[in-house]
Each structure stands twice: as C-alpha cells, then as structure tokens.
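J.: The chain contents come next:
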Amino acid sequence: MTDGTGTQPIFVVEDLHVSVEDKPILKGVDLVVNQGEVHALMGPNGSGKSTLANAIMGHPRYKVTQGRILLRGQDVRKLTPDQRARDGLFLAFQYPISIPGVVMGNFLRSAMKARRGEDLPVREFRKLLDETLDLLKIDPEFVRRYVNDGFSGGEKKRAEVLQMALLKPDLAILDETDSGLDIDALKTVAEGINALRGPELSVLLITHYQRILNYVKPDIVHVLYDGRIVKTGGPELAGELEKQGYDWIIKEFAPEAVGALAASGAGGEA
Amino acid sequence: MTQTETTVRDALNRDAVTALSARYSEPDWLLQRRLEAWRAFEAAPMPDPLSEEWHHSDATKLTLDGLAPYTPSPPDGVDSPQALPSGLRPVWDEGEELAARLIQLDSGVVHRSLSDELSGKGVIVTDLHTAVREQEEIVRQRLHTAVMPDEWKYLGLHGALWSGGCFVYVPQGVEVELPVKYAVAMATPGAALFPHLLIVAEPNSSVTVIQEGVSTGSGGLVSGAVEVHAAQGAHVRFVDVQRWDSGVQNFSTMRALLDKDASFQGILLGLGGEMTKVRLDVRMNGEGSNTELLGLFFGDGDQTFDYYTRQDHIAPRTESDLLFKAVMTDRAAMAWNGVVDVQKTASQSAANQTSRNLLLSDKASAAPTPILEIAAYDVARCSHGATVGPVDEEQIFYMQTRGIAPDEAKELLIDGFFAEVLERVPSQRLQKRVRAVLDSKLGR
Numbered sequence: 001m002t003d004g005t006g007t008q009p010i011f012v013v014e015d016l017h018v019s020v021e022d023k024p025i026l027k028g029v030d031l032v033v034n035q036g037e038v039h040a041l042m043g044p045n046g047s048g049k050s051t052l053a054n055a056i057m058g059h060p061r062y063k064v065t066q067g068r069i070l071l072r073g074q075d076v077r078k079l080t081p082d083q084r085a086r087d088g089l090f091l092a093f094q095y096p097i098s099i100p101g102v103v104m105g106n107f108l109r110s111a112m113k114a115r116r117g118e119d120l121p122v123r124e125f126r127k128l129l130d131e132t133l134d135l136l137k138i139d140p141e142f143v144r145r146y147v148n149d150g151f152s153g154g155e156k157k158r159a160e161v162l163q164m165a166l167l168k169p170d171l172a173i174l175d176e177t178d179s180g181l182d183i184d185a186l187k188t189v190a191e192g193i194n195a196l197r198g199p200e201l202s203v204l205l206i207t208h209y210q211r212i213l214n215y216v217k218p219d220i221v222h223v224l225y226d227g228r229i230v231k232t233g234g235p236e237l238a239g240e241l242e243k244q245g246y247d248w249i250i251k252e253f254a255p256e257a258v259g260a261l262a263a264s265g266a267g268g269e270a
Numbered sequence: 001m002t003q004t005e006t007t008v009r010d011a012l013n014r015d016a017v018t019a020l021s022a023r024y025s026e027p028d029w030l031l032q033r034r035l036e037a038w039r040a041f042e043a044a045p046m047p048d049p050l051s052e053e054w055h056h057s058d059a060t061k062l063t064l065d066g067l068a069p070y071t072p073s074p075p076d077g078v079d080s081p082q083a084l085p086s087g088l089r090p091v092w093d094e095g096e097e098l099a100a101r102l103i104q105l106d107s108g109v110v111h112r113s114l115s116d117e118l119s120g121k122g123v124i125v126t127d128l129h130t131a132v133r134e135q136e137e138i139v140r141q142r143l144h145t146a147v148m149p150d151e152w153k154y155l156g157l158h159g160a161l162w163s164g165g166c167f168v169y170v171p172q173g174v175e176v177e178l179p180v181k182y183a184v185a186m187a188t189p190g191a192a193l194f195p196h197l198l199i200v201a202e203p204n205s206s207v208t209v210i211q212e213g214v215s216t217g218s219g220g221l222v223s224g225a226v227e228v229h230a231a232q233g234a235h236v237r238f239v240d241v242q243r244w245d246s247g248v249q250n251f252s253t254m255r256a257l258l259d260k261d262a263s264f265q266g267i268l269l270g271l272g273g274e275m276t277k278v279r280l281d282v283r284m285n286g287e288g289s290n291t292e293l294l295g296l297f298f299g300d301g302d303q304t305f306d307y308y309t310r311q312d313h314i315a316p317r318t319e320s321d322l323l324f325k326a327v328m329t330d331r332a333a334m335a336w337n338g339v340v341d342v343q344k345t346a347s348q349s350a351a352n353q354t355s356r357n358l359l360l361s362d363k364a365s366a367a368p369t370p371i372l373e374i375a376a377y378d379v380a381r382c383s384h385g386a387t388v389g390p391v392d393e394e395q396i397f398y399m400q401t402r403g404i405a406p407d408e409a410k411e412l413l414i415d416g417f418f419a420e421v422l423e424r425v426p427s428q429r430l431q432k433r434v435r436a437v438l439d440s441k442l443g444r
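Note that the protein sequences, when read in sequence, are chains A and B.
Start counting the first sequence at 1; every next residue gets the next number (the working numbering).
Start counting the second sequence at 1; every next residue gets the next number (the working numbering).
In isolation and in its complexed conformation, chain A is listed as follows:
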C-alpha cells in the first residue's frame, strides 16, 4: 500500500502482529490512512477487529510482537494509552465501561484539559458542550450523570461520539459504534460522524455489518480475516459483502475453516 498523494499519511499500521495471552491474533496487518479519509474495516466475528483497535490504543493485554504503528510518522508503540490519546488517537469502544461516581461533565473537562494541554475556560467549555450535545441530540441532563452508568445502548454510543467530537482526535477508531442501535439512533450517530469527518478527522470505522456504511460513506473498505487484511477496495466492496456475506471470503482465504465458522453461526450475518 502506498500513499498516492505524495504527502505523509496521517496514520500507518505496518506488518502488525499482536498476541493476547501469548495467542497470536493479528498476523501482519498493513493499513495506510491519509488525512481526512474514512476507512471501513469489516470482517466476520473473531477476525481480530477489536484486537486491532485495542492494540492501536495500547491496551496492556494486547502485546505487539512485531510491526509498527505510526501517527503522523511517529511510532506510538512506546507511548502509554494516555500519551497516544493526547497525541491524537481516539477509540470509541464497542462496550464502553461505566464509571459510577465520576460525573460525565467533570470527566469531559479533565479529558479536554489533557488533550489540549490547558484548561478550557468554563464558558467556552459550556458552549462547545451544548453545541455538541445538540448536534448529537443528547439531553443536557446527561452531563450530570455518571460516566456510562445506567446508560442505554444508544446513549453509550452517542456518549462515545460526543467525546470524539470534544477531543478532536486526528484519527478516531470507532469499534462497532453501530451495533445495538435502532435506525433512528444509528442515523443520529452517523450524522454526528459526518459532521465531524473532514481534513481534521480521519476515521477507522470498524463494523461487522454494512448498515452504517449507507449513512457514513467510506473512502476505502478493508476486510480483515484471521488476523490479516485479505481484501481492500472501494465502497462497492461493502455492497458485495452485504449481498454475499463473508462466506466467500472464508472460502477463498481459509477453506478449512468454513465448517467451523458455519457451525458457530458467524458465517452468513452480513
């Protein structure tokens, strides 16, 4: 994969190998995201999508055994998760953890202070927050609640997008932000992402289903399977997966695994 524009790509993953408890999950992933692009990363369950997201953020359980992760050309592997976040990486979690006792508003302020390197004046923070809440159709009461505590599935996902909007990362990884949402919630989340994407924000959109890609048009679509990116194409690739499911991918790249995957019910969902 090459950078066709001649400028430096915003984010590069090079030959990334990752193990969890000594079990290799990613077996050489390559990815180049140019500034402002939206990449969709698709694949059947168990292909390593969430592992890639966690490894990029530096979760201690996910060990990088080989390869590099470059943000604006800088290798982030030696950085702690918070340093990576301050440098401009962001992960919207598939299952955001609840933090009872920590008030959303305070949490957002602490996070913004960390990302910007300085405290934002209260009035400015308030204004920015209100605008973003409005954009994402989130009840302002929300900021008085504890982080993700007692949130519905849709509220959790919107809260993740809210954080992305406020922290203004250079590269946001959205890990199945579409899962568990009804169509209205999905549209709201998609609108939020569309409002924010642009030269300032590149996106790696991880999804099992094609559904969200009807609302957030990707520039490039990758298929991850068995720890490797086995196919890369334009938006039409997502359409193909929609029609045919993942079976043909599995057949093509791991014929011996068809039986096992079909038995587990993961084969024909897309």
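Treat the hints as calculated values from the structure; they're not laboratory data.
One or more of the hints may lead you astray.
To be verified - In silico DSS-like pairs for lysine-lysine, Cα to Cα no more than 30 angstroms straight-line: (1) K231(A) - K63(A); (2) K168(A) - K410(B); (3) K243(A) - K127(A); (4) K187(A) - K217(A); (5) K344(B) - K260(B); (6) K23(A) - K251(A); (7) K231(A) - K187(A); (8) K113(A) - K363(B); (9) K127(A) - K137(A); (10) K410(B) - K363(B); (11) K432(B) - K410(B); (12) K27(A) - K187(A); (13) K260(B) - K113(A); (14) K113(A) - K410(B); (15) K23(A) - K63(A); (16) K63(A) - K410(B); (17) K441(B) - K61(B); (18) K260(B) - K127(A); (19) K61(B) - K363(B); (20) K78(A) - K410(B); (21) K27(A) - K63(A); (22) K113(A) - K137(A); (23) K127(A) - K410(B); (24) K78(A) - K113(A).
Unchecked claim - These stretches of chain B come out as covered by chain A in the derived footprint (C-beta under 8 angstroms, 3 or more residues): (25) 116 to 123; (26) 403 to 409; (27) 416 to 425.
Glycine is no exception: its CB is placed at the ideal position from the N, C-alpha and C atoms.
Given chain A, work out where chain B should sit, using these hints.
T.: Structure of chain B alone, referenced to chain A:
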C-alpha cells in the same frame, strides 16, 4: 493554653465516679445509675482477643493503665474559634450556618449557642449536665435506655464516667432546618473521653445533628454513646465525623429507636483513629419507619476500622438501606459485619445492604460480611452485596484513552467512589473539609 497543668490524674476507681457526680451536684438517681454502670464495668471481663467479636480489632492493645477519667476544660468557656487550641479550630465551622453549636473540649462543654428563634420554639441543645438540672424528667426517662452500660466493659465505663455530652430536644411538630453541631475536641494527650449524645425528637419533628470528634494530641481513649429517640413521624439525620488522631482508640455505640413512620438517616465518616470499633443499630419499632445508613471510610497507615451494624425490622412495612464505601491503603484494615434482622412481626418490610471496598495497596484489607436473618414470611424485598478489590484497570484504561494520565484517572475514580456518600453530607463546608482530609491522606 496548657491543659496539662490543670489535669487531675484521678485514679480509675469508684471514688472517681462519686467525685464526678458530686462535681456536677447530680441527683441521687443519676449517681446510682453511674454506680450501677461502674459495677457492670467491674464485673465485665476485658474482651477476649480470640473471640469472634474481636477478630478484626486487636484487643491486646486495650489498656486502662494510666487512664485519666476526667480532664477538666478551661473554666471560662470558649466564645470563638481563636480561643480553641490551634489544631482544633476547624471544628468550630466558622461561617457555617448552624441551628446550634456545642463544643466539648476534653471532658467539659466549653461553648453552646442556640438561635433565639429555636429556643423560643422549645428546642433544647445543651450539655447533658445542664439537661439533667433543667430537664430532669426527660433525661431520666431517656438516658441509657437505648444504649445500655452493661453491653460491654467500655460501655460500663462510659455509663459510670460520661461527662460533657449533648442533649438535643425537638418538640412536637418543630422542624429544625439547619444542622446542630456537637464537636468533641480532645486537647490533652492521653485523655479518656466519654461523650454522650442524646437526641429526643418528638412526633413530627425533624432535626439534623452533626457530631465531630477531633484531637491533636498523641492518642487517648474515647468511649462514646449516641442515643436517638425518634417519635412518630419524626425525621432524624445524624452525621458522625470521626477525625481522631492516629493514636486514639475509639469505641462508640450508636442506637436509634424509631416509632411509627419515623425516619433515621445515619452517615458515618470514618477517617481517623488508631483503632475504631463502632456499633450502630436501628430498631424500627414502629410501623412504616425507615432507615438509611451511609458510610465513608478511608484508612491509611495501620488504622483499623471495625463496624457492626444492625437493621432491626420489628414492625410491619419498615424499610432500611445501608451503603458503606471504604478505601483502604498502606496496611489499613476495614471490617464490617452487618445484620439485617426482619422479625416475624415485620411483614412487608424491605432491606438492603451494600458494601464497596477499594484497596489501594497489597497490604490493605477489607472484610465485609452482610448477614440476613429473616423470620417474616412475606418480605417485600431483601438484598445485599459486597465487593472488595483494587481499582478497576479497565476503568483506568478507558480514562487513559481520553488522554487522562493513570494517576489522575485513579484520583478521579477514588473521588467518584466517595462522591455517592459525600454528596449526601448535609453541609457543603463539611463536605469540603472531609475532601481535604481525603486529599491529605492521598498525599495530594
């Protein structure tokens, strides 16, 4: 102010009891009760270090040697925080809007103030000796009827030697909106204090009482009692702020008796002391009465906290809820044994117990034990839960992915852990002071 010069190191004997009673020219019935308590004290053995009850507190550390049963206070009284020894001034809560302020310095009460308005409505807030003189009948009927001197050895000592103390009386239908403050300040190292708080809330009255114990010395003994009588429809809120220095052995028995539709909220803030052993009971004698018990505990160094609570459901349709949250660091240890007893007569009652314990070091410990004893056939709801563990690494990671450094994430988590209880402390200033103590324990 030097207290040591005036301290009389009375020997710990029966004469000390009669001398104390004579000092306050007490009526004979009170002297007799003190002597009875003294006999209970003498008859009771020292706690057996190997007994179940003393499993979590080191009874071998208990000693009565060199105990000063009475440490006099300055005779002229104290009318401003500046007149208190410097380290004890914060208990004055200057600027705090209070209904009444009563300050005990060592064994005697040195300050008491009550708004004219409340006084006009018949509210009484005074030291227990004055109450014996001026409200003899009420005190006689209520004193040591909820907490008994023969419950264990140190309560016998308390019953024989209590001094100072605080009496809060709220007449029928009177609602005291601002908190009543009862501060017990130990200025003399090695003193033994026996503070007694007696709250009588008549029908449909309401009151909030904040008791705060502070010391600046290098240890001592506190054996206290709190008795709450809440009549029909009365609402009593009680906050206990325990900030004794790290050499104090602190024992306290607190009991609330609730009549029909009465409610009691008890908030325990356990921060200080070397060894703290507290018993807190609520007896829901009246139908429809309800209880909420909240606790916040932060131990560091070698502090030990040992709590025994009882939620006694005696009448039908009674409800109780307990939430204790503890953070232990260094080698500190927290133990909580909590009994919910729903008696046969307490049909349609509901009870809950929740204990959350956060351990910040490998050597810190917490042992929560919820115990349900249900005799009633038709309980509305009974639940309990207890957790012990370190800070959740996944929560830390989540916060890190937002740019927040691990140390700050941990602080936010600890603040958040306490917030649930702290936010319900009925005084912003007190919340702030407690936060300051927590901060200093966290080395902030």
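J.: Does each hint fit the structure? Answer for all of them.
T.: Taking the hints in turn, this is what the structure says about them:
1. Of the supplied pair hints, the one linking K231(A) and K63(A) holds, its CA atoms being roughly 25 angstroms apart against a limit of 30 angstroms.
2. For the hint pairing K168(A) with K410(B), the CA-to-CA distance comes to about 24 angstroms; that is within 30 angstroms, so the pair holds.
3. The straight-line distance between the Cα atoms of K243(A) and K127(A) is roughly 44 angstroms, outside the 30 angstroms bound, and the hint therefore fails.
4. For the proposed pair K187(A) and K217(A), the alpha carbon gap of about 13 angstroms is at most 30 angstroms, so the pair holds.
5. A hinted pair counts as satisfied when its Cα atoms are at most 30 angstroms apart, and K344(B) with K260(B) qualifies at roughly 17 angstroms.
6. Taking the CA atoms of K23(A) and K251(A), the gap is near 24 angstroms; set against the 30 angstroms cutoff, the hint holds.
7. About 27 angstroms separates the Cα atoms of K231(A) and K187(A), which keeps this hinted pair within 30 angstroms; it holds.
8. At roughly 34 angstroms between alpha-carbon atoms, K113(A) and K363(B) are farther apart than 30 angstroms, so this suggested pair is violated.
9. For the hint pairing K127(A) with K137(A), the CA-to-CA distance comes to about 15 angstroms; that is within 30 angstroms, so the pair holds.
10. A threshold of 30 angstroms between alpha carbons decides the hint, and for K410(B) with K363(B) the separation of about 18 angstroms falls inside it, so the pair holds.
11. Taking the CA atoms of K432(B) and K410(B), the gap is about 20 angstroms. The hint holds against a cut of 30 angstroms.
12. Under the criterion of a C-alpha separation no larger than 30 angstroms, the hint pairing K27(A) with K187(A) is inconsistent with the structure, at around 34 angstroms.
13. Proposed proximity of K260(B) and K113(A) is contradicted: the alpha carbons are some 52 angstroms apart, above 30 angstroms.
14. The suggested pairing of K113(A) with K410(B) holds, with an alpha-carbon distance near 16 angstroms, which does not exceed 30 angstroms.
15. Distance restraint check for K23(A) and K63(A): the Cα-Cα separation of roughly 10 angstroms lies within the 30 angstroms cut-off, and the hinted pair is therefore satisfied.
16. Of the supplied pair hints, the one linking K63(A) and K410(B) holds, its CA atoms being roughly 23 angstroms apart against a limit of 30 angstroms.
17. For the hint pairing K441(B) with K61(B), the CA-to-CA distance comes to about 24 angstroms; that is within 30 angstroms, so the pair holds.
18. Taking the CA atoms of K260(B) and K127(A), the gap is about 50 angstroms. The hint is violated against a cut of 30 angstroms.
19. With a CA separation close to 20 angstroms, the supplied pair K61(B) and K363(B) stays within the 30 angstroms bound.
20. Of the supplied pair hints, the one linking K78(A) and K410(B) holds, its CA atoms being roughly 22 angstroms apart against a limit of 30 angstroms.
21. Of the pairs offered as hints, the one joining K27(A) and K63(A) holds, with about 12 angstroms between alpha carbons and a cut-off of 30 angstroms not exceeded.
22. For a cut-off of 30 angstroms, the pair hint linking K113(A) to K137(A) stands: about 24 angstroms separates their Cα positions.
23. Distance restraint check for K127(A) and K410(B): the Cα-Cα separation of roughly 28 angstroms lies within the 30 angstroms cut-off, and the hinted pair is therefore satisfied.
24. At most 30 angstroms may separate the alpha-carbon atoms for a hinted pair to count; K78(A) and K113(A) meet this at roughly 23 angstroms.
25. Here the segment 116 to 123 of chain B counts 0 residues with a CB under 8 angstroms from a CB of chain A, which misses the bar of 3, and the coverage is violated.
26. For the segment 403 to 409 of chain B, the proposed coverage by chain A is satisfied: 6 residues have a C-beta within less than 8 angstroms of a C-beta in that chain, meeting the threshold of three.
27. Counting residues of the segment 416 to 425 of chain B whose CB lies closer than 8 angstroms to any CB of chain A gives 5, which reaches the minimum of 3, so the coverage claim holds.
In this structure, the hints that do not hold are numbers 3, 8, 12, 13, 18, 25, in rising order.
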